[in-house]
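In case you want the letters, here they are:
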Amino acid sequence: MTTECLVSRQQVLLSVACCLLPLFGCRREIRELNPPISSASRPLPVRVSTLQPGPTMGAPAALNNPYEGNAYAISKGQQLFEQYNCSGCHAHGGGGIGPPLMDDKWIYGSSPAQIYLTITEGRPNGMPSFGGHIPAEQVWQLVSYVRSLSGLEPAATVSPRSDEMQARRAEEKK
Amino acid sequence: MNGFQSAMHPAGVQASELHHLWNIFLCVSIVVYGITLAAVLIAVRRSHRRTEPLADAPSERRATIAVAIGAGMTFVTVLALLVASVATGRTVGTLGRLGTAHLEIDVTGHQWWWEVTYPNSEPDKSIRTANEIHIPVGKPVELRLATRDVIHSLWIPNLHGKRDLIPGRVNKFWIEADRPGVYRGQCAEFCGLQHANMALTVIAESQDAYDRWLEHQRTAAPEPVTDAQRRGRQAFLSLPCVNCHAITGIDAYATAGPDLTHIASRSTLAAGTLINNKGSLSGWVVNPQALKPGSNMPANEMTPQQLNDLVAYLESLQ
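So the protein sequences, as listed, match chains X and A. For the first sequence, position 29 (counting from the first letter as 1) is numbered 11 according to the numbering used here, and the numbering increases by one without interruption. One gets the numbering used here by counting positions in the second sequence from 1 and adding 303 to each.
Keep in mind that the hints were calculated from the coordinates and are not lab data. You can trust all of the hints, since none of them are fake.
To spell it out: a stretch of chain A is covered by chain X in this simulated footprint if at least three of its residues, at any positions, have a beta carbon under 8 Å from a beta carbon of chain X; those stretches are: (1) 539 to 549; (2) 584 to 597.
The calculated label-pair distances, taken between Cβ atoms and stated as ranges, are: (3) 567/A x 82/X: 43 to 51 Å; (4) 465/A x -8/X: 47 to 55 Å; (5) 422/A x 1/X: 50 to 58 Å; (6) 558/A x 82/X: 23 to 31 Å; (7) 10/X x 336/A: 50 to 58 Å; (8) 568/A x 48/X: 38 to 46 Å; (9) 70/X x 392/A: 41 to 49 Å; (10) 67/X x 570/A: 27 to 35 Å; (11) 15/X x 482/A: 36 to 44 Å; (12) 82/X x 311/A: 52 to 60 Å; (13) 35/X x 552/A: 50 to 58 Å; (14) 582/A x 13/X: 27 to 35 Å; (15) 568/A x 1/X: 50 to 58 Å.
Examples of chain A residues toward chain X, derived with CB under 8 Å: (16) 559; (17) 601; (18) 602; (19) 603.
Think of the CB as a built atom: it goes at the ideal place given N, C-alpha and C, for glycine as much as any other residue.
Can you make the complete structure from the sequences, with help from the hints?
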């Protein structure tokens, strides 16, 4: 009598791969409960434009967003956007007193470092400086959320629910 | 503490009704359990004596009668408990229908603390506090429950059962305390990481004491007296504190976190997580994430001097 193999080789490989999956690719879900204490101090200058007269002054300082592509940071930023009244001027991304954030036009640059500076240093004609008033980790969370408004963050990390009032149910709106 | 948070020590009309109902259910359950256990033991004993199963007419009839009696008793018991349950529900619910003078308090759930507002038709007389509800003894109180984020549930076992706080709607809830005391309430619907540390204190006191408390809460924050307190106020306004917390009387109006106008008058910090004293206040201000991981208050960078001044100022906010 021949022994019949109930589980094929592919199935074994697939289940092993599934078991190993949690070891990789969950950066989206990382949530640091006790981040290092730091206030949003003035980082090295980040240029808004790469154009400059005379000799090159060196590359802009590398300021990396520790929460790039992190779903928790984006949803946290969404909450802070409301609590710190960013929506008071920028509405829910559509703009009003302040410029819209959901289009692809960036007056002072769209890189995480540039947005970080826009929040901490303020910008001419109305954007206040929040440096020293918001801890650095929260500024980065706001940066992640602001970038997600115009699709600069991976779609899989953006919250499917929005918190503001709307005509349709929250579940139906992205 | 005896009966600090216990449905077995009712301190209000509804809680004592619920306690009666609980006693009835307990007694009935004990009797039913006893009868069932006795029946099982008798059956086990008999099955040993008998070898052949009986299938004649008289034993068939006896079995039918036994089943009928059992079914009848079950029906009567369930009916009795149903009647008791409905009667309790009606009594518990009547408080709101009495139409007597009552007090209205708004309770808003946040992850993970309770915002408590005493509205007044004159807006400057309404007050906003956190994690502490003061009520006068012997007066019906209508709690209007709302939430800013997820579903929470308010449970003050000494005064009443649970009532959920649902996003987008206001749930009403009546309580009345019969005797003065301090009762602990707790969120009873899992609401995230710090659900367990989302407690509040209910202080039932005489009308006079309540009026004094209310009058005091309506006053603005006291002016700093010492130099340290003055520097502390400046630190509060220049550090991230001012972005989320309000203090009446100075330029701090934010509503994301608890109102701190009279923080030193409250017995706990961080929704019942810590006793309100200098040590825990200092620890909390610098790094809340170490004491209540996941809390929405971030860790704050400040100099030791700033911390001492800030704590001196907050401690003066009686």
